[in-house]
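Following the hints, put chain B in place on chain A, whose structure we already have.
Take a look at the letters that make up each chain.
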Amino acid sequence: DQQVKQNSPSLSVQEGRISILNCDYTNSMFDYFLWYKKYPAEGPTFLISISSIKDKNEDGRFTVFLNKSAKHLSLHIVPSQPGDSAVYFCAASARTSGTYKYIFGTGTRLKVLA
Amino acid sequence: NAGVTQTPKFRILKIGQSMTLQCTQDMNHNYMYWYRQDPGMGLKLIYYSVGAGITDKGEVPNGYNVSRSTTEDFPLRLELAAPSQTSVYFCASSGRGQGNNEQFFGPGTRLTVL
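Heads up: the protein sequence lines correspond to chains A and B, in order.
So for the first sequence, the working numbering puts the first residue at 1; every next one is plus one.
So for the second sequence, the working numbering puts the first residue at 1; every next one is plus one.
With the rest of the complex left out, here is chain A:
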């Protein structure tokens, strides 16, 4: 049972345009949502997070939107740059047994075309 889903395995966007990466979840108990970026042969690196009580968080070119009623979040990258080409993972956290644990989506491969 996939609690965090990224239904688009890949996305191609022209440089300078907006990239929108989507993520859906099923568990309404998730407290936080996070986005990680992963380059080949490297570990994921943290990008941005949002609390479940917020609907938007912005950090430079990256903005995450949360729609709790739809159990949907999205990551917007504006403007997209070739260096943004990577796999993006959505993750959700919930507190169980006194510790926060994270459920990751399957990732979306973003390719930004120069």
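Since the hints were derived computationally from the structure, they do not count as laboratory data.
Idealized CB from N, CA, C, for every residue including glycine.
This list has only true hints and no planted wrong ones.
Only part of the chain B face toward chain A is listed, based on derived beta-carbon distances under 8 Å:
id: 1; residue: GLY40
id: 2; residue: MET41
id: 3; residue: GLY42
id: 4; residue: LEU43
id: 5; residue: LEU45
id: 6; residue: VAL50
id: 7; residue: GLY58
id: 8; residue: PHE90
id: 9; residue: GLY97
id: 10; residue: GLY99
id: 11; residue: ASN100
id: 12; residue: GLN103
id: 13; residue: PHE105
id: 14; residue: PRO107
id: 15; residue: GLY108
Calculated pairs, DSBU-like style, for lysine-lysine (alpha carbon to alpha carbon, straight line, at most 35 Å):
id: 16; chain 1: A; residue 1: LYS111; chain 2: B; residue 2: LYS9
id: 17; chain 1: A; residue 1: LYS101; chain 2: A; residue 2: LYS111
id: 18; chain 1: B; residue 1: LYS14; chain 2: B; residue 2: LYS44
id: 19; chain 1: A; residue 1: LYS5; chain 2: B; residue 2: LYS14
id: 20; chain 1: A; residue 1: LYS5; chain 2: A; residue 2: LYS101
id: 21; chain 1: B; residue 1: LYS44; chain 2: A; residue 2: LYS71
id: 22; chain 1: B; residue 1: LYS57; chain 2: B; residue 2: LYS14
id: 23; chain 1: A; residue 1: LYS68; chain 2: A; residue 2: LYS101
id: 24; chain 1: A; residue 1: LYS54; chain 2: B; residue 2: LYS44
id: 25; chain 1: B; residue 1: LYS57; chain 2: A; residue 2: LYS38
id: 26; chain 1: A; residue 1: LYS5; chain 2: A; residue 2: LYS38
id: 27; chain 1: A; residue 1: LYS38; chain 2: A; residue 2: LYS111
id: 28; chain 1: B; residue 1: LYS57; chain 2: A; residue 2: LYS71
id: 29; chain 1: A; residue 1: LYS101; chain 2: B; residue 2: LYS9
id: 30; chain 1: A; residue 1: LYS101; chain 2: B; residue 2: LYS14
id: 31; chain 1: B; residue 1: LYS44; chain 2: A; residue 2: LYS68
id: 32; chain 1: B; residue 1: LYS57; chain 2: A; residue 2: LYS5
id: 33; chain 1: A; residue 1: LYS56; chain 2: A; residue 2: LYS5
id: 34; chain 1: B; residue 1: LYS9; chain 2: A; residue 2: LYS38
id: 35; chain 1: B; residue 1: LYS44; chain 2: A; residue 2: LYS101
id: 36; chain 1: B; residue 1: LYS57; chain 2: A; residue 2: LYS54
id: 37; chain 1: A; residue 1: LYS68; chain 2: B; residue 2: LYS57
id: 38; chain 1: A; residue 1: LYS38; chain 2: B; residue 2: LYS14
id: 39; chain 1: B; residue 1: LYS9; chain 2: A; residue 2: LYS5
id: 40; chain 1: B; residue 1: LYS57; chain 2: A; residue 2: LYS56
Coordinates of chain B only, in the frame set by chain A:
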């Protein structure tokens, strides 16, 4: 600061062999995690630790063991390797146990069991 380091980078094991994946962090983080990533899948939590001497099971612990004798090191032991354990293994650490806390990942160990 080296961050999170993992050794080895690659390993091929025969069925039934055992090995230890090493993970070390130099950020004095209390929280450490082991994940595995199968092709086309998200990261799944194997084991985690909230401090030296304290470990607990994650989502997919079967076939693995861990120990945490120091803050810095969190080795993952595979006993009786099976083809189903072919995966990329990531170690991560974080300084706090909050749900929106950034995890720092190592570069991964690619393990093949034949």
